[in-house]
Amino acid sequence: MKRYHRASLAMAGKHTGRTIAAGVTAIAAALSFAACASPAANKQTATTSTSAATQDPNAVLTVWVDSTRQPMAEAYQKAHPDVKMKIETYDGNANGATTLQTKISLFNRSNSGWPDVVFSTQVAEMSWLTSKQYDFPLDLQAAGLSQETIDGFAKGALAPCTVDGKTVCLRNDMAMNVTWYDTKLFKQFGYTVPTTWEEYGELGKKLGTEHPGYIIGTVGDSWGGDSYLWPSQCPVNQAVGPMHVKINGTDPKCTRVVEMLDPLIKNKTISTDTVFSSSFAKKQADKVLMLVGPNWYGGALFAKGAGIEKPAGEIGVGKPLVWADGTDTTGNVGGGLWIVSKHTQSTKNALDFVTWVTTNEDNQGSAPGYPAYAPAAKVWLSKLLASKFYANDPTEVFTAAAGSVWDGWAYTSYSTYTPWTDKVVNKLNSGGSLADAMPVFTTELTNKAKAAGYTVDQ
Amino acid sequence: MLFVLPYVLLLALFGLFPVGYAVALAVSTPEGGFAGVANFVAVITDYRLPDSLVNVGAYVLIWLLALMVFVVGLALLTHQRFHGFSKVARFAFYLPGALAGSAAVLVWMFMLDPTVSPAAGLLNAVGIETFTQSTAPGHLALIFAVIAFWTGAGGWIVIMYGALNNIPTDLVEAAQVDGAGPLRIAWSIQLPLIRKWVAYMLIISFATGTQLFVEPQLLASATFGGVSESWSVNQLSLIYAFQYGDFNRAAALNVGLLALALIVAVFVIGKVKLFDTEA
Amino acid sequence: MAVTNNALDVTAEKTTPVGRQQRWVARLTPSWMIGTALWWVIVLGFMLFFVVPVLWLLLAPTKSDHSLVHEFWLSVGGWTDLSTAWNHLLAYQDGVILTWLGNSLLYSLGTMVIAVIACMLAGYGLAVMEFRGRKTILLLTMIVMMMPNAVLVLPLYLQAELMGTAGTPWAVILPMAMYPFGVYMVFIYYSTNLPRSIIDASRIDGCNEWGTFTRIALPLGTPAVALVSFFSFTSSWNNYFLPFVMLPQTDQYPVTVGLNNLLTSTPAFNPTVGSSGLSIYRPELALATLMAVVPVLIIFLFNQRALVSGMLAGANKE
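Residue numbers (this note's numbering), protein chains in the order written: chain A, 1 to 458; chain B, 459 to 737; chain C, 738 to 1055.
Some clues are possibly wrong.
[Unchecked claim] Calculated cross-link-like contacts (lysine to aspartate or glutamate; reagent style EDC-like; alpha-carbon spacing at most 16 Å): (1) Lys450/A / Glu587/B; (2) Lys132/A / Glu489/B; (3) Lys78/A / Asp325/A; (4) Lys282/A / Glu808/C; (5) Lys283/A / Glu808/C; (6) Lys378/A / Asp362/A; (7) Lys283/A / Asp504/B; (8) Lys86/A / Asp988/C; (9) Lys282/A / Asp628/B.
[What the hints assert, rightly or not] To give an idea of the interface, some chain A residues facing chain C are shown, with a C-beta separation under 7 Å as derived from the structure: (10) Glu88; (11) Asp91; (12) Ala300.
Think of the hints as simulated: they come from the structure by calculation, not from any bench.
Being a predicted model, the structure only gives us computed values, none of them experimental.
We put the CB at the ideal spot given by N, CA and C, even for glycine.
Okay, chain A solo, but in the shape it has when bound (with noise of 0.2 Å):
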């Protein structure tokens, strides 16, 4: 009896087992049919035209924004309350996460769901957002855009936001290069502050001799190829077309960036860790002479409550520094991007949104960045002014090194950052030189450049 009962479980347990896996195989089988069988297996090959999506005037227009650039969205609902908005709060795309990047492929394959407004913190977006894959951003000239509003942002503030010529996303804050100095430092030291390159070299030297311990930079950021590169307008990473960059190290313009730099980092008055690790917070905070980086390091270093925070009218703003043969540029480390979706259904109020927000005056004088909209920048300035943080006026530094970014610098889909970190930075803590580093910081870039399709000359 119990055999028989237990072979006929046994039994029916076979059948049902078949069946089961037969039922799980059809079950698959139909699905993946029916994604195969969807439109989204065609979605890479979407035309790039720049014809809008159909209209909808009852379309609720959203943004995409971080929380920094919230209050923004938010001030513009307040001045336009009959507009339907939808403000959703996301990173920003910041720090090398790839949300926008995931979202918009998976948006572009189930074909809906794209914001109408985002705002990303990369520079670079643009290298992969207008790329056949991606293909997001709308054409604001021809939706719109009038050039004169385009003439109103500071020289090479639209660069990142050009492409093929067309403008594809207006660009919300600067984050160019100047020298920061400790004015009490200065005088203490009986010190004048340098104003071209060859002296900031002299000063590394008699700095390490007579006060050692004190810096006058640092290249331990991932942006240190920024600071020090761009401005002297080194090949490293060359624009020379759309997916297309020169990378050569070797260059005299980037030679005499080295040659400068080694004997600094040696004597120690160029560090090698990073201005917002607690190491320098703890260590050298006090030991800061001069610093060359963007213009957000007054809010970010050396406002209250910031890392190496500095009682009022001790740091002061100076100008770019500049290369006795006459190249007078500076380099830039970020700055944020608005752009509109080519899908979107009310391409009216998402560029009168772009629009606003970087131009208006009252929103961008009151931004933590330094607008790249000229005439905010003019009010944002005069507000930190009175603020008297600075021990000099740093309106004319501010609107100088806005205008003198070197534009030959490419914005590329690829990180040039992780590169200066990881074989440059690494290899200085374990007491290589500069010159050491140079050739494999651009076998890295070339690798990675190769890697994401571009074409490199050497």
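Given the structure of chain A, go ahead and fit chains B and C onto it with the hints provided.
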């Protein structure tokens, strides 16, 4: 078997279908045509793959060793005596397991920074003065293994402890009567009887270890690139998928990882006869 | 039973059932003492390793960002710093952290309930019944368990669009309820702890399969239920990538995705937000992390007992 039906339905929908789709992606071109092994070839010749394989290999080795020795060891130790305190100990072991990936990395960024870490003395003793030095490339496999162990060991210790509890006490007592010490009992009686669980732990840990992603990714952004963004193989596959938008190559890489994990799993399952129904 | 206080008297009744105290006393040999010392060193050492970072996390919200960096790690901050951190955290996007926690709870409980039902049924069936396709299912389960997540995300997303669940909690709950890890746990549990004879005994007694399951296997399987519910809950709670992809709106995020957003708003980790007035510094981040961790710890405490109990020996004396 109606018993297995709910699970099998879920398995088909959310397990087999995605895996099948991924396999299909791995052998297709972006336009949908058949690509044969082209994606696999492209992936194998990527200049970053050898380094990431070595990295992940070192990490998995350290981690599996630590798991095998320390998890089983700690489970045995806390099972053997001081039952009251052992409960507290097991809770302590598990505490970190409650922290999700990014939470754990946040805590360890402080633990690894000699300026603020409780372990500053230890770090300074081996010559590490800054966070950048701490996270130098040569240290990373060990660091990630430590973080993974810190978050993961507790859960496995709980499981092993439960497994040990299910060993009939008469077996252990009989052995004690025969004069066997705790080491001998562990080796001859307890370990063989929990071997299915140990095998399971190794298989799962090998698979999740080769898929290491969160820790190197977060440290990469925390060190502003000091840790390579393609340190692990899974990070590389994400670069394919979401930086280049190349899902086909990402799928090829993942299928490769899957195949590797499966080979190991099949080997271990065979050895331990995991699929048999009787203990 | 002869009671002796002589610590070295090892002849005391070894072969008869002796009281615990006497066994203890009989073991006070030097080797035993070394063993105990070693036991304490090892166990305490590991406890320190596991606990110290958590202790740091517990103390961090009570300090200001400045003291976190500059003061001794074990220093206890003050009530004011803690309430400042709390206020800053709750001011962030109008207390979205609480919404995130609620979402995590919803998704994880949903996953847990479905997973436990499916896993208990399936694990039992696989362990106890012989049927064609059994090994296939086990093998397929293993394959699925080992597939790296990243590429699964795309087909899961497309499927959610197809099924109409995209952007709803189901898009997150259902895929995570497919919990192969749990099936294996139950399978191993039943295959090591449920002797054939018990099943046969119940069949002889006239129970059908369902009866056997509900009346015998399930009560004996409480540790397995505890294990599966606990691990499925925590794995769902800690999941980042799936909700990140499936859920478009900030107020749908679980706390893992939310924490990441918080991280990119912290100047220490994203210097460009330095002067934005968001007031999210490391103490606030630590506080948010703690809030994300506490529910899991509570569940662990409740399950501790069930997780470690369960002995089957003696249930099958024929």
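Results of checking the hints against the structure:
1. Lys450/A / Glu587/B: 36 Å, violated
2. Lys132/A / Glu489/B: The hint holds at about 12 Å.
3. Lys78/A / Asp325/A: 52 Å, violated
4. Lys282/A / Glu808/C: 11 Å, holds
5. Lys283/A / Glu808/C: 14 Å, holds
6. Lys378/A / Asp362/A: Roughly 11 Å between the alpha carbons, so the hint for Lys378/A and Asp362/A holds.
7. Lys283/A / Asp504/B: Violated - the C-alpha atoms of Asp504/B and Lys283/A are around 41 Å apart, more than 16 Å.
8. Lys86/A / Asp988/C: It holds: about 12 Å lies between the C-alpha atoms, which stays within 16 Å.
9. Lys282/A / Asp628/B: At roughly 61 Å apart (the allowed maximum being 16 Å), Asp628/B and Lys282/A break the hint.
10. Glu88: Where the cut-off is 7 Å and the nearest Cβ of chain C is about 6 Å from Glu88/A, the hint holds.
11. Asp91: This interface hint holds because 4 Å falls under the 7 Å limit.
12. Ala300: 3 Å, holds
The earlier numbered hints that this structure contradicts are 1, 3, 7 and 9.
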